[in-house]
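K.L.:
Sequence:
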Amino acid sequence: MSAQKFDGSAFKAGQKEQWDSVADAWRKWWPTIEKGARAASTALADAIDARPGQRILDVSTGIGEPAVTLAGLVGPEGSIVATDQSAGMLAVAGERIKKEGLSNIELVEVDTEVMDLPEDEFDGAVCRWGLMFLPDLQAGLQAIRRSLKPGAKFAAAVWGTPDQVPFMSLPMAVAQQVLDPGPPPPPADAPNVFSLGVDGMLQSAFKAAGFKNVVEDTLQIQFDLESPQEYSDFLRDLAPPVRAMLAGRPSDQVELFWSTVAIKAEAFVDENGKLRVPNTAPLAIGTK
Numbered sequence: 000m001s002a003q004k005f006d007g008s009a010f011k012a013g014q015k016e017q018w019d020s021v022a023d024a025w026r027k028w029w030p031t032i033e034k035g036a037r038a039a040s041t042a043l044a045d046a047i048d049a050r051p052g053q054r055i056l057d058v059s060t061g062i063g064e065p066a067v068t069l070a071g072l073v074g075p076e077g078s079i080v081a082t083d084q085s086a087g088m089l090a091v092a093g094e095r096i097k098k099e100g101l102s103n104i105e106l107v108e109v110d111t112e113v114m115d116l117p118e119d120e121f122d123g124a125v126c127r128w129g130l131m132f133l134p135d136l137q138a139g140l141q142a143i144r145r146s147l148k149p150g151a152k153f154a155a156a157v158w159g160t161p162d163q164v165p166f167m168s169l170p171m172a173v174a175q176q177v178l179d180p181g182p183p184p185p186p187a188d189a190p191n192v193f194s195l196g197v198d199g200m201l202q203s204a205f206k207a208a209g210f211k212n213v214v215e216d217t218l219q220i221q222f223d224l225e226s227p228q229e230y231s232d233f234l235r236d237l238a239p240p241v242r243a244m245l246a247g248r249p250s251d252q253v254e255l256f257w258s259t260v261a262i263k264a265e266a267f268v269d270e271n272g273k274l275r276v277p278n279t280a281p282l283a284i285g286t287k
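Here the sequence shown is numbered in numbering that gives the first Met the number 0, starting from 0 and rising by one per residue.
Treat the hints with care, since some could be wrong.
What the hints assert, rightly or not - Taking lysine-lysine and the DSSO-like style, the derived pairs with C-alpha atoms no more than 27 Å apart in a straight line are:
(1) K98 to K4
(2) K34 to K152
(3) K152 to K211
(4) K263 to K34
(5) K97 to K27
(6) K206 to K152
(7) K27 to K263
(8) K148 to K211
(9) K263 to K206
(10) K27 to K15
(11) K4 to K15
(12) K263 to K11
(13) K148 to K206
(14) K11 to K98
(15) K27 to K11
Calculated directly from the structure, the hints in this document are not laboratory data.
Using the sequences plus the hints, can you model the full thing?
P.N.:
Listed below in structure tokens is the structure:
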């Protein structure tokens, strides 16, 4: 089956719709996922040398990370501007911020590629698992760079290649294995969760956008769940692409898909019966 032609505007509209559609589910799942994901927030904060009194930009904040982590580091004298294109996800972030009693985070609904932020405004910027979804990555990176003060740092984490991120690649591999017909291939140039996973890709993109002293490292992010069944429940709630793949399929195919996901997930069960899924996340740091 041939790939479709890529439409960036339609892709972004679809992304916004998908993230809005799972925002309610994130209210349920974010505490579980954040146990593993917080390692990335801490690493990003360290990478930009976040300190009290600074003003920092968090791009594609989702549920409010690393914004909430950063807010504690910059303190009441500092401030965070956290952006996302999904109003639904920002609503979840707002609830977290209120619960934490934070007053130094401003939430802004905006498309990263067309952000019109003041130039030379921020002491640092971060993005946790958002850049790989930008159809025009350079436009987004340049918008971020413009907003930074001279000498300020930008740090971003993305996901590695499919073999390095089984937590996300497992259901896609199962779909290719058991669904008939298999899911159609996406457009060759369409962004996806693994788009920037190859070693050096993120570093090269930073350099092309004008960042200096660019370095790339990797993070190890482990997600822990109670069982393969809880993993399946997570996918049902928070993976719109999986729901889209299964829509309209015969019930026997759907049942086979979920049973195979559970079987494959058993490979990550430890001696205590808990699911421990290790993943690799490239991280790049650049200076304006």
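K.L.:
Taking the hints in turn, state whether each one holds.
P.N.:
The hints, checked one at a time:
no. : hint         : result
1   : K98 to K4    : violated, 44 Å
2   : K34 to K152  : holds, 26 Å
3   : K152 to K211 : holds, 9 Å
4   : K263 to K34  : holds, 23 Å
5   : K97 to K27   : holds, 17 Å
6   : K206 to K152 : holds, 13 Å
7   : K27 to K263  : holds, 24 Å
8   : K148 to K211 : holds, 13 Å
9   : K263 to K206 : violated, 39 Å
10  : K27 to K15   : holds, 20 Å
11  : K4 to K15    : holds, 20 Å
12  : K263 to K11  : violated, 32 Å
13  : K148 to K206 : holds, 17 Å
14  : K11 to K98   : violated, 30 Å
15  : K27 to K11   : holds, 25 Å
Going down the numbered hints, you'll see the structure goes against 1, 9, 12, 14, while the others check out.
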